[in-house]
Amino acid sequence: MFNVFEGRPETRERGEVRAATEQTGALGMRVENLSAFYGSFKAVADISMDIQANKVTALIGPSGCGKSTFIRCLNRMHEVIPGAYAEGCVKLGDQDLYGKNTDPVNIRRRVGMVFQKPNPFSKSIYENVAWGARINGYKGDMGELVERSLRQAALWEEVKDRLKTSGLGLSGGQQQRLCIARTLAVEPEVILMDEPASALDPVSTQKIEDTMHELKKRYTVVIVTHNMQQAARISDYTGFFYIENMGDPGRLWEFDETSKMFASPDRKETEDYVTGRFG
Amino acid sequence: MPRETFHRELDQLVEEVLELGREVESCMGAMLDALEAHDAEVARSQLGVDTRYKEWGAEIDEECIILQARQAPVARDLRLLYTVQGVTNHLVRAGTLCEHICRGIAETSDAERDPDLEASVLEMARGARELFRQGLDIFETRDIDRARDLEAADDKVDLLYSEAMNLAVNPGKEGIGSPEWRVRAALTVHYLERIADHGVDIGGRTVFLVTGERMESVMRQYRDRHLDEYDD
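These protein sequence lines are chains A and B, in that order. Take 1 as the starting number for the first sequence in this note's numbering and just add one per residue. Take 1001 as the starting number for the second sequence in this note's numbering and just add one per residue.
Treat the hints loosely; a few may be bogus.
[As the list claims (entries may be wrong)] Rough simulated footprint, nothing fancy, chain B against chain A, three-plus residues with beta-carbon under 8 Å:
hint, region
1, 224 to 236
2, 262 to 268
3, 272 to 278
[Claimed, not checked] Listed below are several chain B residues computed to face chain A (Cβ distance under 8 Å; list not exhaustive):
hint, residue
4, R1003
5, V1074
6, A1075
7, D1077
8, R1079
9, A1152
10, K1156
11, L1159
12, G1212
Simulated from the structure, these hints should not be mistaken for laboratory data. Note that the structure is predicted; figures quoted are calculated from it, not measured. Even for Gly, the Cβ is constructed at its ideal location relative to N, Cα and C.
Go ahead and model the full structure; you've got the sequences and the hints to work with.
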């Protein structure tokens, strides 16, 4: 496992992260010794990783190894489940997400999330996108914000003539891109995606993947996926989560550049998993 | 999610490559027998193997492409397909060279020979065959520790190559061996050197298959390690 900020200098220096941040406004995240619990059950343990700004980081691993739990810790969504809590440190830029004075609602605005199943509101396409910005007190040109968000989510051309119709009338793939647009409208710095294409057909999946290539130019993207080829296609870095023995918490077993993880990973378990020898 | 069918197909593919390798090795054995006994019949029995090896190699290549298209392999599976294609290419080329040598033996069996040069060619042929055999064995057993030794053994074949070429150009006795035979002997020496290289390369490709690292990089690490030990 390498440390993004302190690893091989040609790609992983702090300077590179800062330069990207200054250019796009996106921030990287640093996770140190993060453990997540459901009551007394420790679901993930001692996760340390750096998530590069303006890159796509994919998290892979067998079911139940804590990927989704981990990703929900990155915007303090984990703790909304009764009895669930996290220990350790997560930083967005210089801000400690779990600091005493940190407002979780503000964190969830800065670190947006797209879920497995598209979940548009029972409102118009326009209102779906505008809603989050409005309740956050957005004072700018709402029409311009909606168009910009829909364009970034690669949906504008398909819906520009029917913005007043219900978001629920869109196809599954369009609904998912609407949810991405809704996330973008509140101008986050990081976007978390929990299996965003697993319920979609191949064409819609391809559109979501193309969208992610565009999104990383402006945002930092973290995606949980069970689709190994999707991780190989879209991500710059890949983290493999693994449970060594039944009942143990999930751990970040290996983390490296995606090209390395899918060509010649360092650890046998990673290689066995990505080649389909277990899981 | 275990991909048992795919991994069974990969095992079958490797077995096919090994089978091709064994055939080429057997052709090499016949070539050596023909060289030693000046036996045109044995040499002629190998003419035509080249076409068969090429067709066989093309079939393996096609299977690799189909598996890549259908199974989207990664990591060791991807390295295996990449290695299989490379090793197959080395096997086919080595087989082609064997046939060239056999053709030379068949066509010059009655020609007058230079005993010194002939002895040198024979020694080189034994060395090249052994290197090829070892390369194939390393691929089969994945015993990559031996791949490094193969490079050292190849240096010996390279030395024999220089000696044989020197004898081909500067015969010990004036007028010994017919000109046609001398040209054929020089070509044989060149082919044998290539066959030895193919054996070494098969070992090197196996290193990549197992470790994901290129042979050159492994050799560099090996040399650096020795320098470090010397510094201490």
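These are the hints, each one checked on the structure:
no., hint, in the structure
1, 224 to 236, "holds (count 3)"
2, 262 to 268, "holds (count 4)"
3, 272 to 278, "holds (count 5)"
4, R1003, "holds, 4 Å"
5, V1074, "holds, 4 Å"
6, A1075, "holds, 5 Å"
7, D1077, "holds, 5 Å"
8, R1079, "holds, 7 Å"
9, A1152, "violated, 26 Å"
10, K1156, "violated, 32 Å"
11, L1159, "violated, 35 Å"
12, G1212, "holds, 3 Å"
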